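A.B. asks: Residue strings, one per chain:
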Amino acid sequence: MKFGIVSFPGSNCDDDAVFAATETLGQPAVKLWHKSHDLEGSDVLILPGGFSYGDYLRAGAIARFSPIMQEVAAHAQRGGPVIGICNGFQIACEAGLLPGALMRNAGLQFLSMPVTIRVENIASCWTSLCTEGQCLTMPIAHGEGRYTVDAATLERVEGEGLVVFRYVDASGEATDAANVNGSLDNIAGVRNAAGNVVGLMPHPERALDSLLGSADGRVLFESVLAAVNA
Amino acid sequence: MTATPRSGDPVITPALVAEHGLTADEFERLRAMLDREPTFTELGIISALWSEHCSYKHSRPVLKTLPTQAPYVLQGPGENAGVISIGDGLAVAFKIESHNHPSAVEPYQGAATGVGGILRDVFTMGARPIAMLNSLRFGSLDTPRVRYLVGGVVKGIGDYGNCVGIPTVAGDVMFDAAYEGNPLVNAMCVGLLREEDLIRAKAEGVGNPIIAVGARTGRDGIHGASFASEDLSDSNEAKRPRVQVGDPFTEKLLLEASLELITSGHIVAIQDMGAAGLTSSSAEMAERGDVGVTIDTLKCPVRETGMTPYEILLSESQERMLVVALKGHEDEVKKILTKWDLTAEVIGEVIADPVYRVTEGDHVVAEFPGTRLVTDCPQYHPEAHEAPEAVARRAQDVHAVPERPEEANPAWTLERLLEAPTIASKRWITTQYDSTVRTNTVAGPGAADAAVIRIRGTRKAIALKTDCNGRYVYLDPRVGGRTAVAEAARNVACTGARPMAITNCLNFGNPKKPEVFFQFREAVFGMGDACRALGTPVTGGNVSLYNENPQGAVYPTPTIGMVGLIDDVAHVTRSSFRTDGQSIVLLGDNTAELGGSEYLAWIHGVVAGAPPACDLEAERRLIDALLAAIREGRVSSAHDCSEGGLAVALAECCIADAAHPLGAQVDLTAWAALPLRALLFGEAQGRVVVSTSHPDAVVAIAAAHGVPAAVIGTVRSASAGLVITVGARTIRSDTVRLSDAFHGALPRAMKRAAADVVVQDPALVGGTR
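From first to last, the protein sequence lines are chains A and B.
So the first sequence is numbered by this note's numbering: it starts at 1 and just counts up by one.
So the second sequence is numbered by this note's numbering: it starts at 1 and just counts up by one.
No lab work stands behind these hints: they were computed from the structure.
Heads up, some of the hints might be wrong.
Here are the simulated lysine-lysine pairs, DSS-like style, with alpha carbons at most 30 Å apart [what the hints assert, rightly or not]:
hint, chain 1, residue 1, chain 2, residue 2
1, B, LYS64, B, LYS155
2, A, LYS35, B, LYS335
3, A, LYS2, A, LYS35
4, B, LYS155, B, LYS751
5, B, LYS513, A, LYS2
6, B, LYS64, B, LYS513
7, B, LYS426, B, LYS460
8, A, LYS31, B, LYS460
9, A, LYS31, B, LYS339
10, B, LYS339, B, LYS299
11, B, LYS513, A, LYS35
12, A, LYS35, B, LYS334
13, A, LYS31, A, LYS2
14, B, LYS334, B, LYS202
15, B, LYS202, A, LYS31
16, A, LYS2, B, LYS339
17, A, LYS31, B, LYS513
All of these numbers come straight from a predicted model, not from anything done at the bench.
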């Protein structure tokens with residue numbers, strides 16, 4: 001199964017995403033240049049973290065117009081698995097692949113720390129091997145991660161089980177204190193209706209080795225591997 | 001050819017020379033070198049190259065005394081960054097640099113561009129940056145302007161490093177009124193490279209093109225730009241900004257493009273256009289290769305019209321590189337830059353004539369013989385003697401300082417010290433830095449005594465730390481210089497790493513003052529003593545002088561950036577206690593020393609006494625013993641005693657890891673004869689608190705290395721608190737209270753920042769970067 005990792009000029013987690021595919025999963029991976037229209041036969045796409053075009057305007061606002069994004073959208077349309085991590089989540093929202101938007105963190109500060117998220121929905125190809133309610137620890141590192149969406153869409157997102165992850169405390173409760181960036185309803189990640197596209201602010205690709213603090217991110221990558229091979 | 005003035009150049013008068021910072025003697029030296037009157041452009045070039053920042057004219061003779069050699073040193077001082085081999089064909093490039101003055105004026109951009117500059121110094125060696133560190137010094141957090149500076153500097157560092165995608169993993173932050181008007185912002189970058197990719201900034205090969213790469217050149221940051229701007233251009237700007245503006249996105253593009261260029265084989269040399277921009281990068285590359293160069297400023301990509309050669313040469317616009325390519329490979333170079341949406345223009349070439357020449361089209365506007373514009377820089381040996389005030393302070397009997405009534409309960413003192421900003425948790429700062437990007441951070445901020453970064457594809461890791469207690473250096477520069485190196489080495493060793501080499505950033509006041517030059521000379525001698533004793537050569541660094549304002553100079557602060565090597569990631573050791581029931585062993589010995597302590601400064605407002613002695617042989621034995629115990633798997637945690645002494649170190653071992661607090665039962669009765677506050681809060685050097693399941697083995701290993709060691713207690717659950725017994729005295733501290741003091745202090749102090757009004761007082765700002 002081939003992973004395609006989209007490299008925007010300011011992507012800085014693309015190498016980490018490649019390592020997730022190659023070192024952790026033992027799968028081939030290729031970096032896809034943002035100016036390209038060729039997915040090079042990738043089965044799974046990762047929109048990695050970073051600052052796609054510097055993000056001085058609004059995170060992901062320019063990246064959505066990259067040539068490669070047309071192909072990413074077509075791949076998603078075909079039901080191909082896509083994950084947007086951090087900046088990739090912001091880009092996926094800007095591109096309309098996922099509902100909602102990401103605003104400046106409530107405290108206005110960039111936040112880099114481990115957080116705990118609870119798996120809310122396993123009907124996505126990135127959470128198929130999880131159990132509902134499972135808690136995962138992984139780092140966040142973002143300045144614009146406060147998830148928001150209009151009231152009508154929120155009703156649909158919550159009603160249709162499109163919320164995939166929520167920020168929770170150590171005991172698994174979605175408290176205000178655990179909601180580090182002030183996201184609506186503690187939402188840390190969402191999916192599209194088909195379940196093939198998932199976006200989240202935390203970094204599962206940074207939680208693949210207990211030496212670095214957590215290996216909880218593996219289940220996301222193992223899930224997609226299982227989903228594609230199924 | 002000879003240089004002739006441009007029409008419109010100002011007449012060179014003694015006043016103009018003085019405004020360029022050149023003395024009359026230095027100007028005569030320039031005329032003698034040229035054997036004619038210099039042009040305005042030449043005056044500008046020399047004023048930049050002979051500035052303290054570029055020339056080290058006051059510091060070089062002293063710096064030459066530092067040890068720089070070891071079998072594993074691949075590149076010592078004199079290049080963009082030092083490089084050491086770590087085996088497996090891999091090497092680490094690292095350097096620290098100051099951006100003090102810009103940060104005092106404009107904290108956000110000043111700090112951000114400091115990060116940008118040091119990143120470029122490292123990736124121009126062919127290394128991919130893998131970690132950033134910062135050593136910061138501020139005044140008291142009670143001052144609104146200081147809180148504004150802290151907020152701006154931290155955000156500037158964070159926004160730049162986060163965007164480029166280099167983890168900021170460690171550093172040190174201290175607060176003292178001595179830094180009130182002159183904050184210190186020292187940024188360190190560490191990069192990883194394959195030894196065969198090492199490239200130097202040495203121009204070579206007659207006919208090879210010189211290419212300007214990256215951002216276009218503007219009028220920002222022009223040296224001496226605060227004077228007479230109307231004479232320099234047609235614009236009506238009253239003053240040009242002296243602080244450059246950073247663009248981390250362009251930096252990221254430049255980083256990727258530069259590394260691609262270096263591995264492409266199309267270039268022979270590359271250097272950052274940093275301080276003094278095109279002038280210093282081109283002159284230094286020519287000097288290293290001992291070749292002639294010619295540059296045509298009309299070919300330089302600019303972002304403003306009407307720029308003169310003077311402005312183009314001296315602009316400090318950010319995110320630019322100067323490259324010497326192989327002749328005939330210009331198109332390949334441009335192709336790589338175009339891929340990253342960056343410009344690359346041939347602006348000159350390496351020539352057979354032994355001259356440094358600048359033209360504007362066909363008009364020669366500057367021409368110097370050979371590389372003498374760099375090599376003929378004057379050197380000074382200033383007068384040095386110690387300030388009587390420092391002598392008097394050192395001689396003061398600090399044991400005579402009366403205790404405050406609250407100190408009747410030392411638990412009160414311990415809590416106060418844990419909330420001293422210098423000691424308190426820096427989490428408010430470090431959560432603003434991405435510390436986990438690139439997925440190699442084994443121990444990030446606060447997790448261990450130094451940051452630990454694994455080397456992917458090997459079992460190895462490197463440990464990184466910055467350190468310097470400026471108060472010690474102020475009270476005794478020689479001892480303080482030694483201690484700065486020794487503490488950095490000890491911190492690195494606590495993680496399980498062998499200290500390998502240092503970079504240094506020497507922050508001092510005005511060297512023309514004998515008492516300041518005394519501090520500088522003695523501190524460097526002290527650093528040299530320690531580097532020789534501990535086997536950690538100096539591979540480079542930076543000197544920042546004139547950190548002064550009308551209220552006086554900063555504490556002399558020779559910041560040390562230490563790199564250590566861990567052979568096996570299995571040995572990585574953290575600082576917090578791990579497990580209830582384990583034994584606590586103290587390596588090293590307690591003393592009656594109290595001088596120079598944070599206790600005296602924070603609790604009593606006293607800066608006095610001799611700083612703790614630094615026995616370098618004892619430090620070396622301690623490091624050897626600690627590493628032996630760690631490698632034998634006998635050590636669960638290791639934390640050195642520094643600011644706040646043994647009691648603070650024990651408390652930190654209990655509560656620094658907020659998610660997993662523990663308690664401890666400690667008995668220090670063996671030292672009951674020492675003054676209690678010296679035992680608890682004195683800062684005797686060469687001590688490490690270790691937790692272990694094998695206390696006998698640890699003590700035996702220590703004994704075999706000639707290191708004093710004693711089992712002083714047991715790790716307990718958090719609910720048991722921290723209980724320290726000294727003879728009949730028992731000092732009980734509640735871990736929740738200790739934790740609140742330690743973790744809550746900085747957020748509480750900075751919460752006030754939101755209401756702060758930005759006060760820009762030019763009188764508070766002085767010095768160089």
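A.B. asks: All the hints need checking, so say for each whether the structure fits it.
C.D. replies: Now for the hints, and whether the structure bears them out:
1. LYS64/B to LYS155/B: violated, 36 Å
2. LYS35/A to LYS335/B: The hint holds at about 15 Å.
3. LYS2/A to LYS35/A: OK: LYS2/A and LYS35/A at ~20 Å, within 30 Å.
4. LYS155/B to LYS751/B: The hint holds at about 15 Å.
5. LYS513/B to LYS2/A: violated, 66 Å
6. LYS64/B to LYS513/B: holds, 21 Å
7. LYS426/B to LYS460/B: Answer holds: LYS426/B to LYS460/B is near 28 Å, not above 30 Å.
8. LYS31/A to LYS460/B: holds, 27 Å
9. LYS31/A to LYS339/B: holds, 15 Å
10. LYS339/B to LYS299/B: holds, 21 Å
11. LYS513/B to LYS35/A: The given pair, whose Cα atoms are some 58 Å apart, is violated under the 30 Å limit.
12. LYS35/A to LYS334/B: holds, 18 Å
13. LYS31/A to LYS2/A: With Cα atoms ~11 Å apart, LYS31/A and LYS2/A stay inside 30 Å; holds.
14. LYS334/B to LYS202/B: Measuring from Cα to Cα gives roughly 21 Å; hence the hint holds.
15. LYS202/B to LYS31/A: At roughly 34 Å apart (the allowed maximum being 30 Å), LYS31/A and LYS202/B break the hint.
16. LYS2/A to LYS339/B: holds, 25 Å
17. LYS31/A to LYS513/B: Status violated; Cα separation ~57 Å.
The structure fails hints 1, 5, 11, 15, 17 (numbered hints given earlier, in ascending order).
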